[in-house]
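Q: The opening residue of the sequence shown carries number 1 in our numbering; numbering runs sequentially from there.
Any given hint could turn out to be false.
As the list claims (entries may be wrong) - Derived BS3-like pairs: lysine-lysine, alpha-carbon spacing no greater than 30 Å straight-line:
1. Lys363 <-> Lys347
2. Lys266 <-> Lys363
3. Lys183 <-> Lys363
4. Lys31 <-> Lys155
5. Lys155 <-> Lys266
6. Lys116 <-> Lys155
7. Lys183 <-> Lys116
8. Lys266 <-> Lys371
9. Lys347 <-> Lys362
10. Lys183 <-> Lys371
11. Lys266 <-> Lys362
12. Lys31 <-> Lys112
13. Lys116 <-> Lys371
14. Lys116 <-> Lys31
15. Lys183 <-> Lys347
16. Lys155 <-> Lys363
To be verified - Computed Cβ-Cβ distance ranges for the label pairs, DEER-style:
17. Ile390 <-> Ser106: 36 to 42 Å
18. Arg238 <-> Tyr48: 35 to 41 Å
19. Thr222 <-> Gln118: 49 to 55 Å
20. Gln397 <-> Glu343: 32 to 38 Å
21. Ile29 <-> Gln307: 49 to 55 Å
22. Tyr304 <-> Gly151: 34 to 40 Å
The hints are simulated quantities; they were obtained by calculation from the structure and are not laboratory data.
All of these numbers come straight from a predicted model, not from anything done at the bench.
Even for Gly, the Cβ is constructed at its ideal location relative to N, Cα and C.
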Amino acid sequence: MRSVFSQYMIERGYKMFASMKKKIQSSLILKRILWSVGIIFVYMLGKYIPIGTLPVYSEIGAGGYDLTSSLDTLAMVSGGNFSMQNLFSLGLSPWMTSMILWRFLSLFKVVKVATKRQTQLWQMSLMFIIAFIQAYGYSGVSDYFEIPALGPQSKVLLRISSIVILIAGSYVLAWLAAVNARKGVGGPSVIIISNMTLTFLVNIARLVSENRFDIWIWLLITLFVLGGASILIWITIRVFRAEYRIPIRRITIVSSFAEETYIPLKLTPAGGMPFMYAMTLMTLPPLFISILLGFFPDNEALQYLSQHFSMSQLVGIIFYLILLFILAIGFAFFNLDPGEIAEGMQKGGDYIEGVRPGEATKKYIGSYLWKLAIIGAIYTSLMGGIPMLIIWSQSGQISFAILIQNIYIMTTLMLGIVEQISVMQTWKQYDDLI
């Protein structure tokens, strides 16, 4: 009787597995989600693999000042972690920074490439340079293990090993992001969201353990945070979806749909990308200053910058806001090229009523794009600047201001993933041809 029951359960389990496998194979979205889950698992595994050449938890300092907290806050948006030394401590920062530099070089025709392979080679070379600078600066301000067996040059050997491991980890993480872009959902956004979520949960657990408030105080704090986050998310969604529509005429379409054709110009086309890239770029100056301090330890200018060039000081905040403004405008033109749109419209016979095709159309679209880009950049700078300046003036924790930006970043990234899934679902609305 028991053997019959066991055989029945085995057959039932096999059928359930076969049914689940068939469902996964027939669902594009489910397959992509499973790929993303697997990539997140590998990323989380790498986050807990120590470098091995230095203590897992060690402070990063330069010129006598602790940089761990500020660098860790900035690295959060790139999937990095400076408070716990691991394989992915640099995160996607080298890749993100190299993408900005490559866009700048290609936009101003500084580098001319003819093939996709050449483009990839340039991008990977830029990424290596950025990763080396970050790893060199990071390793220069870290404490290493004492290994007498390696002799008097043990610290040098351990530092070289650390640099190699950190650079390799950044390339592995960039590869994981590329794989997720091809086979998963969200591209690198999934890695960033998972890291920000994990950091948020760790900070909440630390806050609860360090503060013994009454249950009613915790309830009020929770309600206040949830209420503020809900309002911020609502504003973010409204602004993210806000767009100006330029109606166009399409001579190839003769129907009611022709009157609904337009060019959408978003108010904030990049969403939270300016915040992410600005924070990523802000990790470079402290590390670069720490490198210079290693050669010029008594330089007063470098010591001043080491102390004040951070997100918790006015000099660092102003520089960060300038970066935000520039990146917000830059991403507006990165996502939408008036020249390409005008050329495509001219080749397809489309036009804007009252505007001549070609150069005039390019200038017309560009003028509206400039206006919206400036408005969006001002909004982005105010969103990032007002909380930081208020908290700085009150000598508060700048991490609370960063939390507001993180909510904005996560909301826009999630909206992007939702839009990607919605696009993948559109194929279900059509019947098979055969």
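Q: What hints, given by number in increasing order, does this structure fail?
A: Violated hints (numbers, rising): 3, 4, 5, 6, 10, 12, 13, 15, 16, 20; every other hint is consistent with the structure.
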